[in-house]
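Colleague: Residue numbers (this note's numbering), protein chains in the order written: chain P, 117 to 194; chain Z, 21 to 545.
Everything labelled a hint here was simulated from the structure, so no lab data went into it.
Be careful, since some hints might not be right.
To be verified - What follows is a set of in silico ranges between Cβ atoms, one per label pair, in the way DEER data are often shown:
#1 Z:Gly227 to P:Leu192: 25 to 35 Å
#2 Z:Ala106 to P:Gly167: 38 to 48 Å
#3 Z:Leu224 to P:Ala190: 18 to 28 Å
#4 P:Glu169 to Z:Ala505: 24 to 34 Å
#5 Z:Asp137 to P:Glu169: 17 to 27 Å
#6 P:Asp183 to Z:Leu295: 20 to 30 Å
#7 Z:Val91 to P:Gly167: 37 to 47 Å
#8 P:Lys189 to Z:Ala401: 45 to 55 Å
What the hints assert, rightly or not - Some chain Z residues well away from chain P (every beta-carbon gap over 12 Å; in silico):
#9 Cys115
#10 Asp160
#11 Gly227
#12 Glu241
Claimed, not checked - Some chain Z residues flagged as far from chain P (calculated, every beta-carbon gap over 10 Å):
#13 Thr25
#14 Gln28
#15 Arg245
#16 Asn272
#17 Tyr277
#18 Leu393
#19 Ala401
#20 Pro439
#21 Glu462
#22 Gly492
Glycine residues also receive a C-beta, built at the ideal position from the N, C-alpha and C atoms.
The chain contents come next:
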Amino acid sequence: MNLLGAITNLVKDYAEVEDDQLTRATDPVRDLHLNSYDMMSIIGRLESDLGVEIAERDVRRLVTLGDLDDYIKAKLQT
Amino acid sequence: MHEYTYTQVRDEVADVGTALIDAGLAGAHVAIVGDNSYSYVICYLAVVGSGGVIVPLDKELTNGELADLIVRSGARALLYGDTFAAELPAILATCPAVGFTLNITRFPTESENPGFDEFREAGRALLDRGDDRYQGVIADPEALAAILFTSGTTGPSKGVMLSQRNIVAVIHSAFTMFRFPRSGMSVLPINHAYEFNLNILGCLFDGITINFNDSIMHVRENLERFRPEMSLMVPMIVDALYKGIWKEAEKNHMTGYLRYAIGLSNALGHVGIDLRRAFFRPIHEHFGGRLRVIVCGGAPLAAETAAGLTSLGIDVYNGYGITECSPLISSNCTLRRVRGSVGVPCPEIEVRIADKDADGNGEIQVRGTHVMLGYFNDPKATAAAFTEDGWFRTGDLGRLGRGGALFITGREKNLIILPNGKNVQPEEIEEALLCGIGYLKEVVVHELLDPTGSPRIAASAYLDPEWVSALGADGARVRFDADVATVNQRLASYKRICLTRLREQEFEKTATRKIMRHRIEGVLV
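The following block holds chain Z by itself, in its conformation from the complex (with noise of 0.2 Å):
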């Protein structure tokens, strides 16, 4: 474990920056990819500082994605994690523009040349004998500053501009809803606006201190080590917790204890007397002790789940954003939440709901100085993302309730927004299994229900009926569900079809032979 206080971090930063600026990428478009970390953070800070451009990319991604967005974003580096050391060769083999790499482990196991350290000496040094070019450099609070692909590589993956106004008017409206306490942990993936802005960025705004969780794959051991008091995450996570506490109630016969203990809990919440903390100590010791915080967004949260964890002493805060909006549009705070909606607007951004129906459902609009300056050099997708009057259109449906607090109701697109937070295109998937697989004649995908409530994607299909004749209905099912399994293994994992439907009939069509999605039995709309 280590340690650096705000001074080093300021420090630090400086010195990268110096060293980019010395290695001639000032102002140059630079992508980054690795994990949650002190390093990436500097490196981020540095790129912005010295007049560049930041590309935040998913490390998720398959190589030929990365490859894809390096290319389309412009960048001329790329500042990558140790884990990406061995794939380097792959992704850069389709990017002749970029010119730079650095490795940005701060302890890598792969031993690379120039490694952070070594890069950010070279710019100390350069900075101890006077360089001030850095220092030099004015912020152009309008000019682009970073680069968010929303999702995806093929057609619909926009480039999301955000720029250092946008970026410190969202984390200006968030810390002036929210009380934090002073400890944080970082858990949701780095490269995300909800993460980076919200979060990293936030922490440093108000002087709190940052906990980095060094893998999904370790979080229930890391709130108890860094014994954080807020994090933010996304429903898949707050579920899985939540769910947690109870399965553990249930193996120790204590459901109905717990029960009744929360029963009194709030009934003594009601007068005034909060003994949550005092309450449910144990279940509180397994987070750590001091988790009193929770912020989720990034996708809709079952209702139950905050107000039960609320109940056990853990205030859960959900709200609403969208990356082109840098991403906050909406939260419950610590001064206002009405269950069930998404919070009142921030106080940078105004919303409208355009097109109401007769109970005031429409799309949520939205105007402020957190919505984005335009998709990158796409100015057909930046003309249909807003209206003639200049409001960002969302995309989704809601309306504004009580109190002002705004309810999402829908969405008018086909993106599928998982647990996890994830945004996934399904024409994307759609033209993956089109062109992997010869005897399917039609498929939508989209969002169905398992067995467990949970969403899933999936796809279904319409197959060229003389193939499904020649091999049986089952000997079809059985070669589909293969080829899907293929077709997955190039998709990257969060994108993977996990169910899938046969259909013995083509798809309904509207006149232009366009399929009526919202037609198909069981699809979340």
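The shape of chain P in the complex, shown without the other chains (with noise of 0.2 Å):
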């Protein structure tokens, strides 16, 4: 599974949505509804099941989840 499968898995976890209606433009806040301890519990369980640290002070920079997408991808990188 690609990396951005694995947030909208988790993704689903929190809201009750379909698979087409999460893309890369899809804002969890705005579109899903979710708020921002939900996303903050979705970015820490990413960390844990993809061994990065995300830093609390990055996440504000991440709006949707293509944004979330590259953020892990650069940090898997680096």
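Now that you have both chains on their own, put them together as the hints suggest.
Modeller: Rendered as structure tokens:
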């Protein structure tokens, strides 16, 4: 499974949505009505599943699922 | 994981306090920003213990917002957590008065000079050579000890001035009302009065073990790791924990069993038999197995959540406060709980309801030893915050009900209080939108319920009609949403607009051309 797939799978644990509602452009707070604690929990789970460290201060720059995908990919490469 | 004793806390506060005095910072205003940590607590206590004024800042603010508050607070030093190391030059570029910085993260990933331990050891060396300047500091309980900024950075944001007497009084009040278990977990942002004064200082006062949650991303994991017996939380987290229990039950086809067990447990509870810890042990294991008290504040908590968790064996006590009152005003507590209320007023606080309507609702006003000294460098706002006879005007509406309990019924101010306890001044966001979007004629930022029933920050907007007709309604909507997203990028994450609504007509206004905010459809008041 690609990284975006892993992210969308996790998001589905928090929001009742269909796959086709989840794209790189999806803003989980604005489009799926998740709150900031949900988002933090999702990112925390991605941290432990993927073995990357995500600084809380960076999270505020990540708005869409695509932003999150790009950020983690960059982290995995460094 | 690192463990520290109370003796270490005492000694290390003296070390850092001595080093601060030696650095010429005795009595200085010192800003601090970073994650919840042991070294944050040491630094806070050392600043105040050396006669200084601590200025805790919200780590979620943008660099520009942090710089603005550092300047406005008159801070001469900045103590910062590791995550700010890379951004320090950008923050300090507009803070010429700051002549001292220190990375306070005990085990930093970015190497800094001097680091926290090097600085502390320098203080220890001075103490070992007989330096007694720190011990010689005599605390003035009435003097300014902390400046806490309420929210935002523009006009409405104010620096709440608290004295040591204010802070000690609120701890005394809280620990008179509660009998807390012996192990807690620090989850909420440590710069908030609610977290620092009541949880951190309260636990130190009562000899309770404090476990630091390293990030809001890891609350569940850290509950399992540290196995605390209590924690202070905000409704957003408490709701998530509660909903998570039911979601897990649904996944395991246990919803019916859980409902039956709750009914049986409640019935036994009515005849004085409390088997909640035994009945719901598998649920408690998800939270470490020992969590039995959550104190919830910062924003209104749904009565259903409080009652639901209490039925499951985790007692939830909700209260009410405001930074200006250090922050606690009232709370449900071990001795008395009144459903739907925010509890009884604290022992060191008097509450009165002013300008009551026929139902007894009016503005909640308070006085007592918790109440702030005033707003920093803002005598006009300070004067406006107090009545002529010396009561602090909270701006919240409520009534005193059965058993003297306080019930909140609304707010006089426009302030938006989010479920995570963050306060947002709508005027600040409106200004950002109006400055950033040229075709925006009028806008009101307010709370609006999203489809899940949660309050969100929304913007209702009236756009230049000529611009709209040139682009067409759909085109205008797409462009407006894109421009709001751009403005959002410049705001702290919790201030971002989640919902937008476009109007075809101007807002209804008063005779003095002020928008009648309460007339906006769907606005939560």
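Colleague: Decide, hint by hint, whether the structure agrees.
Modeller: Evaluated hints:
no. : hint                             : in the structure
1   : Z:Gly227 to P:Leu192: 25 to 35 Å : violated (45 Å)
2   : Z:Ala106 to P:Gly167: 38 to 48 Å : violated (22 Å)
3   : Z:Leu224 to P:Ala190: 18 to 28 Å : violated (41 Å)
4   : P:Glu169 to Z:Ala505: 24 to 34 Å : holds (27 Å)
5   : Z:Asp137 to P:Glu169: 17 to 27 Å : holds (22 Å)
6   : P:Asp183 to Z:Leu295: 20 to 30 Å : violated (48 Å)
7   : Z:Val91 to P:Gly167: 37 to 47 Å  : holds (41 Å)
8   : P:Lys189 to Z:Ala401: 45 to 55 Å : holds (48 Å)
9   : Cys115                           : holds (19 Å)
10  : Asp160                           : holds (36 Å)
11  : Gly227                           : holds (30 Å)
12  : Glu241                           : violated (7 Å)
13  : Thr25                            : holds (28 Å)
14  : Gln28                            : holds (27 Å)
15  : Arg245                           : holds (12 Å)
16  : Asn272                           : holds (14 Å)
17  : Tyr277                           : holds (22 Å)
18  : Leu393                           : holds (32 Å)
19  : Ala401                           : holds (29 Å)
20  : Pro439                           : violated (7 Å)
21  : Glu462                           : holds (22 Å)
22  : Gly492                           : holds (22 Å)
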